[in-house]
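K.L.:
Line by line, the protein sequences give chains R and L.
First residue of the first sequence: 95, per my numbering; consecutive thereafter.
First residue of the second sequence: 208, per my numbering; consecutive thereafter.
Treat the hints with care, since some could be wrong.
Unchecked claim - Straight line, CA to CA, 25 Å or less: simulated DMTMM-like cross-link-like pairs of lysine to aspartate or glutamate:
#, chain 1, residue 1, chain 2, residue 2
1, L, Lys311, L, Glu212
2, L, Lys261, R, Glu169
3, L, Lys262, R, Glu200
4, L, Lys261, L, Glu274
5, R, Lys151, R, Glu176
6, L, Lys314, R, Glu200
7, L, Lys260, R, Glu200
8, R, Lys151, L, Glu224
9, L, Lys314, L, Glu222
10, L, Lys318, L, Glu222
11, L, Lys260, L, Glu274
12, L, Lys311, R, Glu176
13, L, Lys275, L, Glu222
14, L, Lys275, R, Glu200
15, R, Lys107, R, Glu169
16, L, Lys311, R, Glu200
17, L, Lys311, L, Glu210
18, L, Lys262, L, Glu274
19, L, Lys275, L, Glu212
20, L, Lys314, L, Glu224
21, R, Lys151, L, Glu222
As the list claims (entries may be wrong) - Output of the computed footprint for chain R on chain L, the stretches with three or more beta carbons under 8 Å from beta carbons of chain R:
#, segment
22, 248–259
23, 307–313
It should be emphasised that the hints constitute simulated quantities derived from the structure, not laboratory data.
Note that beta-carbon positions come from the ideal geometry of N, C-alpha and C, so glycine has one too.
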Amino acid sequence: KAGVTQTPRYLIKTRGQQVTLSCSPISGHRSVSWYQQTPGQGLQFLFEYFSETQRNKGNFPGRFSGRQFSNSRSEMNVSTLELGDSALYLCASSWMPSGVPTPYNEQFFGPGTRLTVL
Amino acid sequence: KNEVEQSPQNLTAQEGEFITINCSYSVGISALHWLQQHPGGGIVSLFMLSSGKKKHGRLIATINIQEKHSSLHITASHPRDSAVYICASRGGYGGSQGNLIFGKGTKLSVKP
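Work out the full structure: start from the sequences and follow the hints.
P.N.:
Printed below as a string of structure tokens:
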């Protein structure tokens, strides 16, 4: 089975622009979560999606948004980029055997998209 | 607000040594995860614990729910174990996985 894939792997943008990152989960996984990793703040939770619905959201401004499609692929969008948005953005997928998200499911991480904002 | 603290921040060991990384959290949780991150960014999930102890090869993870503490042990360490080890707690409930709240990570370097 192919792992979680993220595109693009590297991205350079300038302040004020917007960006869309894509995540394709492992086949059969219906849950996708997004995380931001920076040297100063470490890893922080952004969103959790399950069956096209946002189930949980982290403490990020409204410039950060996401969505999930019927094939479980997910995108996240950051509008009006700021220098502080430079980070590694990771997505992770989980298989929900019960069909209901629970805290007990292993997450499989993608390689990340490294975003640099100039 | 749940906070996750890891110690030590940095750890250098000689090949073959027994290694312990500690993780403490401040409020009750549903599950605790141990993750491994290699240079370049890739993250691998090592363990998910809600109680007791789990073992996988040379890695052992334990959790003490009453003391709100977990440890990751590496026996017979090897240079390929060099990585950042991150613990993360999850509150969650049925219907949501809950947020993962991460520790700052422990950077392990194993010298040959």
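K.L.:
Each hint should be assessed against the structure and marked as holding or not.
P.N.:
Hint-by-hint comparison with the structure:
no. : hint                : result
1   : L:Lys311 - L:Glu212 : holds, 7 Å
2   : L:Lys261 - R:Glu169 : violated, 34 Å
3   : L:Lys262 - R:Glu200 : holds, 16 Å
4   : L:Lys261 - L:Glu274 : holds, 18 Å
5   : R:Lys151 - R:Glu176 : holds, 20 Å
6   : L:Lys314 - R:Glu200 : holds, 23 Å
7   : L:Lys260 - R:Glu200 : holds, 16 Å
8   : R:Lys151 - L:Glu224 : violated, 41 Å
9   : L:Lys314 - L:Glu222 : holds, 15 Å
10  : L:Lys318 - L:Glu222 : holds, 6 Å
11  : L:Lys260 - L:Glu274 : holds, 15 Å
12  : L:Lys311 - R:Glu176 : holds, 23 Å
13  : L:Lys275 - L:Glu222 : violated, 30 Å
14  : L:Lys275 - R:Glu200 : holds, 21 Å
15  : R:Lys107 - R:Glu169 : holds, 17 Å
16  : L:Lys311 - R:Glu200 : holds, 20 Å
17  : L:Lys311 - L:Glu210 : holds, 10 Å
18  : L:Lys262 - L:Glu274 : holds, 21 Å
19  : L:Lys275 - L:Glu212 : holds, 11 Å
20  : L:Lys314 - L:Glu224 : holds, 16 Å
21  : R:Lys151 - L:Glu222 : violated, 42 Å
22  : 248–259             : holds (count 7)
23  : 307–313             : holds (count 6)
In summary, the numbered hints that this structure violates are 2, 8, 13 and 21.
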